[in-house]
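2 protein chains.
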Amino acid sequence: MSKCPIKHCFLFIFADLLPAKNGEEPTMQFLLEFVEILTNYIRKTFDRSTKVLDFHHPHQLLEGMEGFNLELSDQPESLEQILVDCRDTLKYGVRTGHPRFFNQLSTGLDIVGLAGEWLTSTANTNMFTYEIAPVFVLMEQLTLKKMREIIGWPVGEGDGIFSPGGAISNMYSVMIARYKFFPEVKTKGMAAAPRLVLFTSEHSHYSIKKTSAALGFGTENLILLNTDERGRVIPADLEAKVIEAKQKGYVPMFVNATAGTTVYGAFDPINEIADICEKYNMWLHVDGAWGGGLLMSRKHRHKLNGVERANSVTWNPHKMMGVPLQCSAILVRERGLLQGCNSMCAGYLFQPDKQYDVTYDTGDKAIQCGRHVDIFKFWLMWKAKGTVGFEQHIDKCLDLSAYLYNKIKNREGFEMVFNGEPQHTNVCFWYIPLSLRGLSDGEERRERLHKVAPKIKAMMMESGTTMVGYQPQGDKVNFFRMVISNPAATRSDIDFLVEEIERLGHDL
Amino acid sequence: MSKCPIKHCFLFIFADLLPAKNGEEPTMQFLLEFVEILTNYIRKTFDRSTKVLDFHHPHQLLEGMEGFNLELSDQPESLEQILVDCRDTLKYGVRTGHPRFFNQLSTGLDIVGLAGEWLTSTANTNMFTYEIAPVFVLMEQLTLKKMREIIGWPVGEGDGIFSPGGAISNMYSVMIARYKFFPEVKTKGMAAAPRLVLFTSEHSHYSIKKTSAALGFGTENLILLNTDERGRVIPADLEAKVIEAKQKGYVPMFVNATAGTTVYGAFDPINEIADICEKYNMWLHVDGAWGGGLLMSRKHRHKLNGVERANSVTWNPHKMMGVPLQCSAILVRERGLLQGCNSMCAGYLFQPDKQYDVTYDTGDKAIQCGRHVDIFKFWLMWKAKGTVGFEQHIDKCLDLSAYLYNKIKNREGFEMVFNGEPQHTNVCFWYIPLSLRGLSDGEERRERLHKVAPKIKAMMMESGTTMVGYQPQGDKVNFFRMVISNPAATRSDIDFLVEEIERLGHDL
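Those protein sequences? They're chains E and G, same order as listed.
Numbered per our numbering, the first sequence spans residues 101 to 608.
Numbered per our numbering, the second sequence spans residues 101 to 608.
In case anyone wonders, no lab produced these hints; they're calculated from the structure.
Warning: the hint list may mix true and false statements.
[What the hints assert, rightly or not] Here are the simulated SDA-like cross-link-like pairs (lysine to any residue), alpha carbons at most 20 Å apart as the crow flies:
no.	chain 1	residue 1	chain 2	residue 2
1	G	Lys-509	G	Glu-544
2	E	Lys-144	G	Lys-121
3	E	Lys-551	G	Gln-451
4	E	Lys-555	E	Thr-565
5	G	Lys-454	E	His-157
6	E	Lys-245	E	Glu-257
7	E	Lys-191	E	His-156
8	G	Lys-246	E	Arg-545
9	E	Lys-151	G	Glu-124
The model shown is predicted, which means the values in this text are computed figures rather than measured ones.
Could you put the whole structure together from the sequences, leaning on the hints where they help?
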């Protein structure tokens with residue numbers, strides 16, 4: 101290692117770092133310089149005068165921006181250059197923690213959660229056995245129990261696991277439902293079961309469809325349910341479709357009720373759906389990937405009334421609860437199904453003759469073998485905020501969305517996609533540029549309006565001031581979907597978003 | 101925030117941190133104190149006088165160790181307590197980066213990889229769209245291309261994705277094989293296909309079996325192939341079983357060849373298996389989760405000869421290449437299959453009317469929706485080490501395993517599970533305590549020997565000096581499986597392991 105003329109800068113190479121002999125000093129130097137890059141980034145992320153992003157097209161980044169070369173080479177770079185690469189990676193990325201980043205369901209940057217993730221990667225271990233993740237395995241167990249208590253299952257009984265995202269959690273729900281009703285599918289395949297039918301809302305997340313394809317049901321055997329104007333499943337439509345399927349000789353097996361749909365933020369009426377599931381002996385899954393967080397709020401948890409009747413629940417703390425990505429739980433009411441469904445008893449991992457209680461080796465419940473430690477950051481945030489802290493965060497986000505709704509519902513140039521205060525933080529609206537305001541409803545207006553949101557979004561990204569999502573839905577042309585899960589957002593940021601949309605879209 | 105009498109210690113609470121007003125100072129204080137905990141941990145991890153672990157039984161940790169309380173509560177803890185919790189979490193965990201940790205295929209703590217993971221969690225974004233992960237999406241694309249070039253596919257053509265571990269990567273391979281041969285299964289389910297049969301070695305990873313259950317094939321339709329004494333598939337057995345399946349009217353669809361089995365480290369003869377796959381029109385998957393890293397070594401890559409004939413390859417940089425968990429790639433020779441198999445075209449994410457080239461939105465290839473950024477740490481390590489750095493690491497690990505093999509093959513008290521130099525770093529052996537050395541081979545000796553490895557392992561863990569895995573395999577009683585992927589390990593650590601086994605096991 102040699103000191104370079106630039107202050108604080110050491111020219112050293114990878115091979116100097118730990119575990120190299122005398123690697124301690126260069127390692128600590130490197131990490132401290134590196135942490136300075138990260139803390140500068142964090143500071144700026146929360147500074148509203150910083151852009152949310154510095155947009156470049158793929159070809160621009162691929163061509164190399166001012167020396168930022170993405171290509172990999174045979175020879176090592178100096179650690180000095182590695183630090184520059186890190187700075188550039190952050191520079192050309194998107195600040196998902198910025199108070200004006202509203203683009204996804206997962207936003208914000210919780211500092212304690214972040215610390216949790218840094219520790220997790222420093223511990224660099226694997227959830228499959230107690231042997232190598234004793235503390236994390238217990239934290240997962242306790243946290244899942246707490247979540248089940250909050251769902252309302254007696255004394256938190258049941259089972260569960262953290263999985264790599266809500267889509268995989270939903271996949272688990274279908275797998276274990278099939279195992280419950282047709283355990284022989286595990287050994288004999290789908291040929292051992294009759295034609296099985298699954299039900300989900302037309303507004304539900306596309307992962308249910310992915311799962312029906314992947315697990316061998318086929319997407320045609322996933323029946324989409326009609327919803328009301330707010331995007332909530334109509335229970336009578338479910339019952340009618342169940343009866344129709346039975347008449348055809350199919351076996352209705354699984355119903356997914358969504359607690360917080362992706363676009364409208366709608367909560368399906370769980371109790372009424374549960375009645376039908378009980379009547380026809382079907383598995384009830386509640387996809388609360390987005391809405392599950394509301395269970396933490398005494399004010400809002402009624403929107404999930406009946407969730408305790410579900411057989412399984414998906415709940416992603418990495419969305420509404422602000423936990424860093426990835427953190428998703430699949431919770432199951434009946435104990436033993438996860439294990440029964442997935443266990444293959446690999447002798448090299450799950451030795452029965454270990455010195456400790458091997459029921460703590462949870463790896464055989466998973467479809468994965470190695471499993472990332474997703475629990476620690478969540479556990480640590482819970483310690484730091486307390487249950488009450490999550491409640492405050494959720495209530496605040498819902499207050500902000502009510503503020504946005506009330507601000508724009510009668511504002512000139514804004515049109516709501518559906519009426520009434522949003523159930524979740526999703527506020528869906530069109531912005532109508534001046535040139536379209538006089539046009540009567542019809543194909544021309546629809547076609548032109550369809551292009552407005554993408555245009556405004558593109559300008560937002562080019563200017564880097566804020567980010568919000570848009571999409572069409574059913575017969576509705578492109579509209580904005582505003583969601584708030586970001587703990588950094590305030591009313592001033594909502595005001596900014598509205599004014600920015602007006603500024604960019606007014607003359608379109 | 102108030103200064104506490106203890107030096108450097110600030111009593112502050114979660115609500116003081118960013119994004120709180122004036123949160124910058126407490127945030128930086130907190131992070132700096134926190135990073136000091138992590139750097140101390142890192143220093144100690146590489147110090148051989150530190151224990152690998154400080155073992156406690158589940159009930160001990162659950163009862164609370166000296167104030168380390170795992171229970172979650174309603175009220176927040178102070179950040180001071182949070183720092184103590186972090187220290188305790190590390191204290192009671194396992195140092196997977198310790199030079200004497202040999203327990204899993206993933207070991208070691210690469211400092212640049214670690215920095216990469218810290219940056220990843222600070223960026224806290226999601227791989228599904230270019231929109232919110234522009235740099236990471238491009239890094240993934242370039243790195244996958246490089247990996248395909250190394251496999252030997254012309255100009256790196258093909259496709260791929262990083263997935264949450266080798267089991268999921270293997271699951272992808274079966275899904276896309278099925279989609280290639282029977283695309284209608286996506287919509288109509290397994291009923292649309294004839295009875296499909298999969299083949300894999302009896303020594304292969306259990307994830308292939310998990311996948312055959314999950315995807316609706318059934319574990320009975322996964323045919324296990326016989327192996328030679330070194331754990332390598334016997335190609336003639338594959339062909340015989342393919343013919344037998346066809347005679348029964350089944351359709352042989354998929355063959356998994358393992359490059360580096362979990363226990364023996366065996367490499368199946370890919371070229372001979374590829375011949376049979378071509379002859380009978382079957383998909384060839386190479387599970388190189390463990391052995392794929394050897395492709396980086398000019399000296400050892402011949403063990404995967406024929407890999408370029410595979411239709412898909414699993415390759416986990418988080419194993420042999422020392423990348424922090426999780427980092428696993430599924431690579432596919434034919435472009436478009438991943439997309440065709442999994443795409444559901446969710447309108448809210450994959451809008452076709454974005455301002456940039458939306459072919460860079462790769463999320464619809466995945467079975468996940470949100471996808472953790474697994475690429476950056478790997479990309480950064482590649483920058484820092486260069487291709488040559490990975491090669492050196494792999495050659496060094498294989499040299500160390502040859503050293504171990506030569507050290508114990510004729511040593512008193514040691515017995516090899518199979519003869520000949522290991523193909524990978526796996527060295528499999530029994531330790532025979534003095535009391536068993538005179539016993540002739542027979543049931544009594546087998547029964548007693550079966551208990552030796554678990555006993556030694558338990559003592560190792562109690563004393564915390566080192567960790568190595570054991571398991572039975574087929575008709576072989578419990579034996580040690582030594583593996584080396586840890587960049588910190590040296591010959592002295594191998595010597596230590598051998599002597600420690602002798603010390604603990606001599607008088608059993």
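Each hint tested on the structure:
no., hint, in the structure
1, Lys-509(G) to Glu-544(G), "24 Å, violated"
2, Lys-144(E) to Lys-121(G), "14 Å, holds"
3, Lys-551(E) to Gln-451(G), "12 Å, holds"
4, Lys-555(E) to Thr-565(E), "15 Å, holds"
5, Lys-454(G) to His-157(E), "11 Å, holds"
6, Lys-245(E) to Glu-257(E), "7 Å, holds"
7, Lys-191(E) to His-156(E), "11 Å, holds"
8, Lys-246(G) to Arg-545(E), "48 Å, violated"
9, Lys-151(E) to Glu-124(G), "18 Å, holds"
Comparing the model with each earlier hint shows violations of hints 1 and 8; every other hint is respected.
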